[in-house]
Structures are given as structure tokens and as C-alpha cells.
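*Asks:* Listed below are the residues making up each chain.
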Amino acid sequence: MSSIRLEKPWKPLNATEVDGLPGQLGVYQIADDHEEIVFIGFAGGHSQFGLRSELAQRLEAAEGANHLFRCEVTMQYLTRHQELLMIFLADHGRLPIENKEQPSSLGRLRLA
Amino acid sequence: MDFELSDEQKLIVETIRQFVQEEIVPLEVNLDPDASELEAEDRERLVAKTRAMGFYGLDIPEEFGGPGIDIVTRTLMAMEMAQHRAGLYAPCYGVFGGAGLAQLYEANDDQKERYLYPVLRGEKRGFFGLTEPSGGSDPARAIQTSAVRDGDDWILNGEKTFISGADRAQFGLIFARTDPEKGRKGITCFIVDTDAPGFRVRRVIHTLRSSHYATEIEMKDLRIPSANVLGEVGGGFAIATDRVSRQRIPYAAGCIGVAIKAQEMAIEWARMRKTFGDVLAVRQSIQWMIVDNEIDIRTSRALTLAAADKAHRGLPFRTDAAMAKLVATEASGRVVDRSMQIHGGYGMTKDLPLERWYRELRIRRIGEGPNEIQRLIIARDIIGGAFH
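Residue numbers (the numbering used here), protein chains in the order written: chain F, 18 to 129; chain B, 2 to 389.
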């Protein structure tokens with residue numbers, strides 16, 4: 018069995034979509050308008066309104082850029098976040114441009 | 002029979018308790034409720050403190066630079082170190098240092114140079130690769146990973162599951178079958194470098210323990226030199242099971258530490274929370290839950306310290322350690338469950354550490370040998386004769 022990628026359809030990062038998000042905890046990916054992932058984040062135990070508030074902050078930070086997003090509700094948000102970063106690192110040899118984690122702090126996966 | 006702690010033990014316990022309260026707990030306010038790591042600067046600062054206290058590297062044998070803490074005192078320390086949110090699986094966030102893989106202390110000089118000493122210097126990490134998809138409780142039968150001789154090398158093929166830390170490690174101990182005809186005497190332990198061709202960590206396994214994941218690893222035509230056989234060919238099972246009884250004692254102690262904290266929280270809450278005009282503490286149903294908690298904690302503590310004492314005195318302690326592990330893991334789960342009940346809805350939230358302890362304690366009934374295996378060990382001793 019291989020690692021599980023987040024492969025849901027992309028949605029536009031706009032106010033309408035963000036308002037409809039659940040307040041649950043989970044993970045998300047932000048992509049540019051070429052569907053290139055630029056950030057992988059999570060809504061954790063300190064987030065005020067879960068995925069909704071996290072993506073609202075990302076929308077504000079995007080400042081009009083045509084970003085896309087997709088997300089996954091999960092209580093295992095910390096390990097799932099690490100897994101998604103590890104998968105991206107295995108695929109691209111680097112982290113998404115807006116993720117500040119040090120690659121050396123992540124584990125290494127070798128995908129089939 | 003003197004159950005009193007020595008003056009030195011009392012001082013150590015108080016020192017650790019103060020360290021947890023003053024250094025660890027305040028940091029948790031800003032960490033995610035499921036976090037298991039500190040920010041780098043906090044970690045460095047606290048490691049400097051534990052070194053200055055003379056407590057860094059608690060489980061490193063004294064001849065390799067450890068502080069030479071006896072197992073009874075170590076058990077008391079484990080109970081204190083676990084008394085914070087992340088305390089069950091990340092006691093004090095690791096600032097007291099780990100021991101690495103205990104089996105490496107029996108390695109030959111060359112292997113110590115290449116693996117043990119870099120671990121002790123913090124340059125390398127290792128993983129322990131025993132459990133397979135075919136089983137973990139009965140490795141003598143379950144291990145299907147094969148190791149076939151090829152000149153001066155061995156070729157490994159197989160897979161392991163529920164392996165902690167393999168994705169971040171530079172090497173690991175892999176137990177493989179070198180002789181299918183010899184049962185437990187046909188298992189050999191190999192030291193495997195994780196950058197070797199043929200080795201890969203292929204997936205993450207998410208569990209109840211949302212701060213750490215396990216991994217699944219695969220060996221495919223992995224070539225290992227004979228110089229990386231740990232111990233003797235066919236001696237792997239003894240390596241795998243060596244120290245396992247001893248490790249169960251601080252494992253049990255960590256559970257008790259969490260239970261103690263949960264009980265403290267339950268009592269405090271019962272004293273202040275009012276229903277129907279009076280505090281919960283006057284309700285018999287609440288009182289009995291708190292009493293049952295106390296009984297669970299004291300019996301677990303007594304059994305665990307008794308096991309530690311026997312180990313310290315060089316007496317046979319395998320049954321005592323099994324009993325301590327079995328009782329402490331199950332009793333602590335009950336204590337946290339009752340404490341959650343006393344806290345009502347708040348007990349279910351991430352605002353409190355109880356729900357994390359509830360999930361993580363469930364795993365403790367499986368780890369370090371499932372409790373069914375502990376019962377087998379005890380039964381064998383009490384009833385007599387080998388079990389099959």
C-alpha cells in the first residue's frame with residue numbers, strides 16, 4: 018500500500034467557498050492558478066474555527082491572487098500534515114515554496 | 002518492609018516535579034494540544050538545564066556516560082516526567098535525552114564506532130524493526146523477512162510494520178530469518194543503513210496517537226555486509242527479547258504519572274463544579290469514582306515499584322514486570338476515563354489533556370507486548386511449565 022495523497026478536486030480560494038467550510042480540524046493545500054501546490058497547512062487544536070478560519074486567513078494573505086485549495090477533515094491533523102509534506106518532498110525534492118519547515122526535520126518516504 | 006523513599010529519592014522526585022511544573026507545563030499553553038516537540042530554542046535551553054542537573058541521558062549505562070540512576074529512582078522519575086499533556090509518549094519532550102537502541106550496547110567495537118557513539122553524540126538515530134504484517138507478539142514464528150547468504154554479504158527481503166521513527170533514522174535494527182528450520186534460533190539481527198539501495202519507508206500509518214505516526218518499511222534485495230550482523234547469526238531472538246522485561250517497568254510508570262495527574266484534575270474539578278446547588282465532591286457517585294481512581298493508582302504504583310525493586314536487587318522480575326505493565330496500563334485507562342466523566346463535556350475537549358491521554362493510553366495496552374502476552378507470562382510462572 019502506498020502513501021495516501023490528497024487528491025480531491027481543487028476549489029477556488031474565495032469568500033464563498035471559505036464561508037462554506039466546516040469548522041472542523043484537518044489539513045489543506047493551497048495551489049496557484051496552475052495547480053502548483055504552494056503551501057500545505059493544517060487547522061489544529063488552537064484554531065478558532067478550524068479549517069474555515071485557517072483558509073480565511075490564507076484568503077486574506079493571498080491578496081487577490083487566484084489561488085486554489087482543497088482540504089481534508091481529520092483529527093490526525095499533525096501526522097497527516099507531516100505525511101503530506103513528506104509526500105511533496107519525495108515528489109519534488111523540496112517543500113512547497115511557502116512552507117517554512119526545514120526539510121531535515123521531516124521524515125523521508127520513498128514512494129513506489 | 003520500608004516503603005519510604007530515601008532522602009536522595011525525595012529530592013530527585015521533587016526536583017523533577019518542579020521542573021515539569023515550571024519549565025514544561027507553561028510551554029504547553031502555546032503548543033498544539035497534540036504536539037510532541039518543542040521549538041528548537043526551548044529544547045536547547047531545557048537540555049542545557051537537564052545536563053546541568055546531571056540528569057541528561059537517563060537510560061544510558063553509566064559506563065557510556067549516563068548518570069547512573071538506579072531503576073527504582075528511574076521509575077519514580079518516570080512517574081513525575083509524564084505529568085503533562087504530552088507526557089505519556091513524549092515525557093518532558095525528550096529533554097532528558099534518550100538511550101538510543103539499548104541493543105547497541107552489546108555491539109562489537111566497530112559497530113559501536115559506526116552506530117552507538119554517533120547516537121550518543123546526537124548525530125544519528127536508529128529504529129527497531131521487529132514487527133511484521135504477519136505478527137508482532139510472536140516474532141519467533143511471525144518473522145518472514147528473509148536473509149540469504151551471498152558471499153560475505155546477506156540479502157534481505159521482506160517488510161516491517163508499526164515501526165517508529167524509521168523515516169527519520171539513519172539506521173535500524175532489522176530482525177530477519179536466516180534459517181527457516183530453527184524457529185527462534187533461526188533469527189538474526191542486522192544493522193541496516195536507511196540510505197542503502199533496497200531499503201525504503203513506503204508509508205505512514207496514522208493511529209490514535211495523533212502526535213506520532215508509525216511507518217511501514219520494505220527491504221527488497223537489500224545487501225548487508227556481514228560486519229553489520231549484530232551479535233551472532235541465529236542470536237537475533239535473544240537480542241530482541243533482552244531488556245524487554247526491564248523496559249516494561251518505566252513504561253508502566255509513565256501510565257501511572259498520567260493517571261496521577263488526571264486524578265488531581267478530577268478532584269480539583271469536583272471541589273469547584275456545582276450542580277443542583279452543591280459541588281460535585283459531595284455526590285456519592287463522584288466520590289466513588291475518585292476512590293476507585295485512587296485504588297487503581299496506588300495498586301499500580303505498588304506493583305510497579307515492587308518490580309523495580311526486584312530488578313534493582315538482581316532478583317528474577319519478569320513476572321513482576323509483566324504484572325506491573327498489565328495492571329498499570331489498564332488501571333490508568335480507567336482512571337482517565339473516570340476523570341473525563343467527572344469533567345463532563347469539558348473532559349471531551351481539546352482544551353484539557355484528558356482526551357489525548359484517553360487515546361494514547363489505549364495504545365499502551367498493546368505496546369511493549371500486548372496485555373494478553375503479559376497474562377501468558379504470568380500464567381506460565383504461576384502455573385509452571387513452558388507455554389506453547
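No lab work stands behind these hints: they were computed from the structure.
Quick caveat: nothing in here was measured; it's all calculated off a predicted structure.
We put the beta carbon where it would ideally sit given N, CA and C, even for glycine.
Incorrect hints may appear among the rest.
[What the hints assert, rightly or not] Short derived list, chain B residues pointing at chain F, Cβ under 10 Å:
#	residue
1	Met2
2	Glu5
3	Asp8
4	Ala36
5	Arg204
6	Leu209
7	Arg210
8	Ser211
9	Ser212
10	His213
11	Arg319
12	Asn372
13	Arg376
[To be verified] Here are the simulated lysine-lysine pairs, DSS-like style, with alpha carbons at most 27 Å apart:
#	chain 1	residue 1	chain 2	residue 2
14	F	Lys117	F	Lys28
15	B	Lys125	B	Lys221
16	B	Lys183	F	Lys117
17	B	Lys11	B	Lys311
18	F	Lys117	F	Lys25
19	B	Lys221	F	Lys117
*Asks:* A closest beta-carbon separation below 10 Å is what the hint needs, so does Arg376 (chain B) meet it against chain F?
*Replies:* 31 Å, violated
*Asks:* CA of Lys221 (chain B) to CA of Lys117 (chain F), is that 27 Å or under?
*Replies:* Given pair Lys221 (chain B), Lys117 (chain F) is violated - Cα atoms ~34 Å apart, limit 27 Å.
*Asks:* If you draw a straight line from the CA of Lys183 (chain B) to the CA of Lys117 (chain F), is it 27 Å or shorter?
*Replies:* Not OK: Lys183 (chain B) and Lys117 (chain F) at ~52 Å, beyond 27 Å, violated.
*Asks:* For the restraint on Arg210 (chain B), tell me whether the closest CB of chain F is nearer than 10 Å.
*Replies:* At 8 Å from the nearest chain F Cβ, Arg210 (chain B) passes the 10 Å test, so the hint holds.
*Asks:* For the pair supplied as a hint, Lys125 (chain B) and Lys221 (chain B), is the alpha-carbon distance within the 27 Å limit?
*Replies:* 23 Å, holds
*Asks:* Double-check His213 (chain B) for me: the hint is only fine if its C-beta lies closer than 10 Å to a C-beta in chain F.
*Replies:* 7 Å, holds
*Asks:* Check the hint pairing Lys117 (chain F) with Lys28 (chain F) against an upper bound of 27 Å on the C-alpha distance.
*Replies:* 24 Å, holds
*Asks:* Checking hints one by one. Is Asp8 (chain B) an interface residue toward chain F, by the C-beta closer than 10 Å rule?
*Replies:* 41 Å, violated
*Asks:* Taking the closest Cβ pair, is Arg319 (chain B) under 10 Å from chain F?
*Replies:* 34 Å, violated
*Asks:* Would you check whether Ala36 (chain B) satisfies its interface hint, that is, whether its CB is within less than 10 Å of any CB in chain F?
*Replies:* 7 Å, holds
*Asks:* Straight-line Cα separation of Lys11 (chain B) and Lys311 (chain B) no greater than 27 Å?
*Replies:* 20 Å, holds
*Asks:* Would the stated hint for Ser211 (chain B) survive a check requiring a Cβ distance to chain F of less than 10 Å?
*Replies:* 5 Å, holds
Consistency note: the structure conflicts with the earlier hints numbered 1, 2, 3, 11, 12, 13, 16 and 19.
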